[in-house]
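There are 2 protein chains.
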Amino acid sequence: MKFLRVNMTDETVLWQDVAPQYKTLGGRALTSIFINDEVLATTDPLGPDNKLIFAPGFFSGTSLINTSRLSVGSKSPLTGGIKESNVGGTVAFSLATLGICAIIIEGQADADSCFVLNIQDDTSANLIRADDLKGMRTYDLTRRLQHDFGTDTSITCIGPAGDSKLLSASIQSTDFDGRPCRAAGRGGLGAVMGAKGLKAIIVNRKGRIPAEIVDLDRFKKASKQYAKDVKTDEFSGEILPQLGTAVLVEPINAAGAFPTRNATLGQFEGVEKISGEAIAKIIEERGGQTRHKGCSQCIIDCSNEFVTSKGEYVTSSLEYETIWSMGGMIGNDDIDAIARLDFLCDDIGLDTINTGTAIAVAFDAGYGEFGDGEKAIRLVEEVATGTEMGTLIGNGPDAVGRHFSHSRVPTVKGQSIAAYDPRAIQGMSVTYSTTPMGADHTAGWVVDQNLEAFGGTVDPHGSEGQVEISRNTQIHMAAIDTVGLCDFAQTGLAAEGGFDNLMNMMSAKLGQEFSAQQWTELGTRVIKTELEFNRNAGLTRQDDRLPPMFYNEQLPPYNVVVKISDEELDSTFSDL
Amino acid sequence: MKFLRVNMTDETVLWQDVAPQYKTLGGRALTSIFINDEVLATTDPLGPDNKLIFAPGFFSGTSLINTSRLSVGSKSPLTGGIKESNVGGTVAFSLATLGICAIIIEGQADADSCFVLNIQDDTSANLIRADDLKGMRTYDLTRRLQHDFGTDTSITCIGPAGDSKLLSASIQSTDFDGRPCRAAGRGGLGAVMGAKGLKAIIVNRKGRIPAEIVDLDRFKKASKQYAKDVKTDEFSGEILPQLGTAVLVEPINAAGAFPTRNATLGQFEGVEKISGEAIAKIIEERGGQTRHKGCSQCIIDCSNEFVTSKGEYVTSSLEYETIWSMGGMIGNDDIDAIARLDFLCDDIGLDTINTGTAIAVAFDAGYGEFGDGEKAIRLVEEVATGTEMGTLIGNGPDAVGRHFSHSRVPTVKGQSIAAYDPRAIQGMSVTYSTTPMGADHTAGWVVDQNLEAFGGTVDPHGSEGQVEISRNTQIHMAAIDTVGLCDFAQTGLAAEGGFDNLMNMMSAKLGQEFSAQQWTELGTRVIKTELEFNRNAGLTRQDDRLPPMFYNEQLPPYNVVVKISDEELDSTFSDL
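Chains as they are written, first to last, in this note's numbering: chain A, 1 to 576; chain B, 1 to 576.
By construction, these hints were calculated from the structure, which means they are not laboratory data. Ideal Cβ placement from N, Cα and C applies to all residues, glycine included. Treat the hints with care, as some may be off.
[Unchecked claim] What follows is a set of in silico ranges between Cβ atoms, one per label pair, in the way DEER data are often shown:
hint : chain 1 : residue 1 : chain 2 : residue 2 : range
1    : B       : D448      : A       : G366      : 41 to 51 Å
2    : B       : E381      : A       : D112      : 28 to 38 Å
3    : B       : T264      : A       : G366      : 20 to 30 Å
4    : A       : D132      : B       : P556      : 32 to 42 Å
5    : A       : Y551      : B       : L14       : 24 to 34 Å
6    : B       : D112      : A       : E553      : 13 to 23 Å
7    : B       : K281      : A       : Y551      : 53 to 63 Å
So that you can see chain A by itself, here it is in the shape it has in the complex (with noise of 0.2 Å):
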């Protein structure tokens, strides 16, 4: 394995082989440990000294399914921390198979300067100047490197928001259809990646070289019954296929979760318009596609394809998150334009979920209507034109929050809450509080453990339980974000004996035994790794909270405010 490390100042490319003290990482382990070892935490973001790191998972490149989660790792010109933001789609097995465990982009190039990273194989790869490039919109830009690179490569890249240094930048990567749809949305690492002067890197899809497995048969062996378990799983086997991840609007909303206006309400009167049962009506009777694989060794294809009623394509995958975000967070029920939407954003390169809330405030401001998808539209095309206000909505809820003095901006570390309020679900209050990521959803996703209908055994309006439950939580994604596998895959664990198949997959790559114990270790390694980052970038207790809003104002139907304590905040992680 090896790391491929790219300085845009000088234009050089090194292959470099592992250090000893990353040989056992990989995806946010290798990331954050990486970043927090080589990036002085108070450098600027968008500044030469900050690092860019991509790391497919552990086990990326492995037989073992949906292992396709590629970490992208920085400091984060959003949150001021430390950040990783992982996607799908097909750059981390392409990456893994040609034996490159992280791609490494430091320096800065000038200011006017573009460039392009080409992969070509296990000992090939060059920057190419494309001065030419630079503003172009990700499809378009995708269709010209595949034309120009082959279309059997893997593309991740930046659109006009990541070119323009925006807040909300994502990088977005091409999935298994080779469309530019899935994206590392979080933390606006795509601002870094256009700060570097790095359009896009391409990767040959080729690559044949096997993963270094010491005990191959036990590891065959495990996987085998991993994906076996996932299939058989009703929820990864049949529901996720049917309805994508939409098939959370309806349970969340019912809970009364469903931030919708801004967060000013917990339900949202056109829910039916948006459910994941809608959806999949639409599609279908508009000839797209559910049931869609979107990722690299992927066997739950809970991706989609949505199309116009005259079945042309319009975005892959519509997600719940965008469902929300461009939905009943800015009191829209038209699902067209809700696609439209995130299509947009793919497009422009931005995240969702950032995006939608910066809209959101922007209404609640006064600025437009809630319910209004029309001026959402434009006001997401003046990103890309780059208005002033445009560029506001570009930079996230906190910059369209400071411009109007409006404090109603559900942001935790200058970042976006995602689809579940903090109110009605007190456990995600905890995650998007604590987690050194912003209110990143995906850190500490405790839905399960409040919510009845999804099983859950506390009481979601109370505080009792729930640090625990976000912390353990919390310490179990940071290992999972480091092995690559796919959230939705982690159906495989629930079944008898899953969690002891994960541990021998773990040994039989390792060549020594992996235990429970371990797990929990590397994830808390992770998480004290990235807690010190911050601590030295300046953040403090005062950045774990969230804004006033959700303290002072109760969140109809079921009249909530959030009640974990300070104290009770403070202790998540304490011991770290």
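Go by the hints and put chain B onto chain A.
This is chain B only, laid out in the frame that chain A set:
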């Protein structure tokens, strides 16, 4: 003495006895200790739980000359920490002679409503609803209020920038001639007043309540001597009356410390057109006024009245900091444009320093050309009309820098540095970085101790001695800001026995001996309180740093960078 406590939520006005712990305080000691006592450090600065306190200096209303400083304290929406900003004019004297040692504004009026507080005498004060005043500029506003409430009033008020809660919004106060041209400019406290729904405070000037002085004879004798010393001093007795603060332009530029074109240069080629001598000559030729009295009880008369070539009033007083921020900092050598910008900032209610630097950052990011004074005027006009770009300018350099992802933003804690480049006067780097106030120059002006032309003895380009000098000056200034003495009247301290004279006045007023050590303890206590508030608000050592540009870019013509280490910065107040 009384506290006047005004609750904007309930629309109540309460006269209160002064609690014992505040009785021997005034000015900045009173505002900072009060804010730390009564405001939760993590509160939203623009929310109902923040408070805004106006306090005359401890010596205001006594026979001591030049004690007309009014301290305004609050949690700052600009810095996120505690703020004291003080202003001259006539309000402090009017309040003190009505026996009012503090006005406290708490709560928050409804978003659309707007009030004025009318203080008729020492027993009657009331809130008057005046929604039609919202958005009015300060010159029109004060003319209207003087018409309605009489010309024998002192007024402190906000302009449209404060109404819109912009982060560079100032609180303007009327000068000796009744013009709203004196600004508590820094920290965005105008936005706090706007958020409360308070447009203006009108104070009757006819108060005759004598100051509480235990040993009046001793006080009179000392204050008489002090006045004589200030009058005899060459700087306060001759130079300031002739040239005003603009006298600084040439020596600071000669030292290569005049931040030019967003601090890319230390000398401005157009300096001869905007020097103190040049301005005095223009004013005299046009029939304006130099040697103009701006504040109650002033014997220095450093103010001026700048007029057009036809003799029409443009602005008062054109000061060094504005000549820099609207001149060299934006590359503009047109003194008429500078004067117009000064007027516009007063009229719209904006800090000239933060606003000029915001424009400089915009120009540096490519939005306009350095030297385009007309564009600067249009941009400041846009602050009032509320365009997106105007709002960004009104929210200050950080908002503009974030908007354009431009990292050359010369601020600390979100607030612009002033007219002394910290590379060419290294002592200012300690003050800018470590003062709890954000990059305020008045918090610890150590130019005199750095530059040989001012009698300085340390190397202005070296780090040696700078921490100690800044620390001592900051502590001393915290005490000066407490008694309400004008900065320029500090020349009385340099006279033989001058400092003893000041201690004599402290002792006489308090009725017990007050030593030099107690003076230092007073200043130390103030800063300690402010640091405590900031820590509780979540500010850390990383907030006590200048931006990278001052460390990475050599400043011509002496090609210096900031040499004070992080450890030295952190040692400044490490014992507090």
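*Falls inside 53 to 63 Å, the C-beta gap from K281 (chain B) to Y551 (chain A)?*
At roughly 60 Å between Cβ atoms, Y551 (chain A) and K281 (chain B) fall inside 53 to 63 Å, so the hint holds.
*If you check the beta carbons of T264 (chain B) and G366 (chain A), does the distance land in 20 to 30 Å?*
39 Å, violated
*Is 24 to 34 Å right for how far apart the beta carbons of Y551 (chain A) and L14 (chain B) are?*
28 Å Cβ-Cβ, so the 24 to 34 Å window holds.
*Within 13 to 23 Å or not, the Cβ separation of D112 (chain B) and E553 (chain A)?*
20 Å, holds
_Assessment of proposed distance window 41 to 51 Å (beta carbons of D448 (chain B), G366 (chain A))_ = Since D448 (chain B) and G366 (chain A) have Cβ atoms about 49 Å apart, the given range 41 to 51 Å holds.
*Do the Cβ positions of D132 (chain A) and P556 (chain B) conform to the proposed distance bound of 32 to 42 Å?*
35 Å, holds
*Whether the CB-CB distance between E381 (chain B) and D112 (chain A) falls inside 28 to 38 Å*: Holds - the Cβ-Cβ distance for E381 (chain B) and D112 (chain A), about 32 Å, lies within 28 to 38 Å.
Taken one by one, the earlier hints fail for this structure only at number 3.
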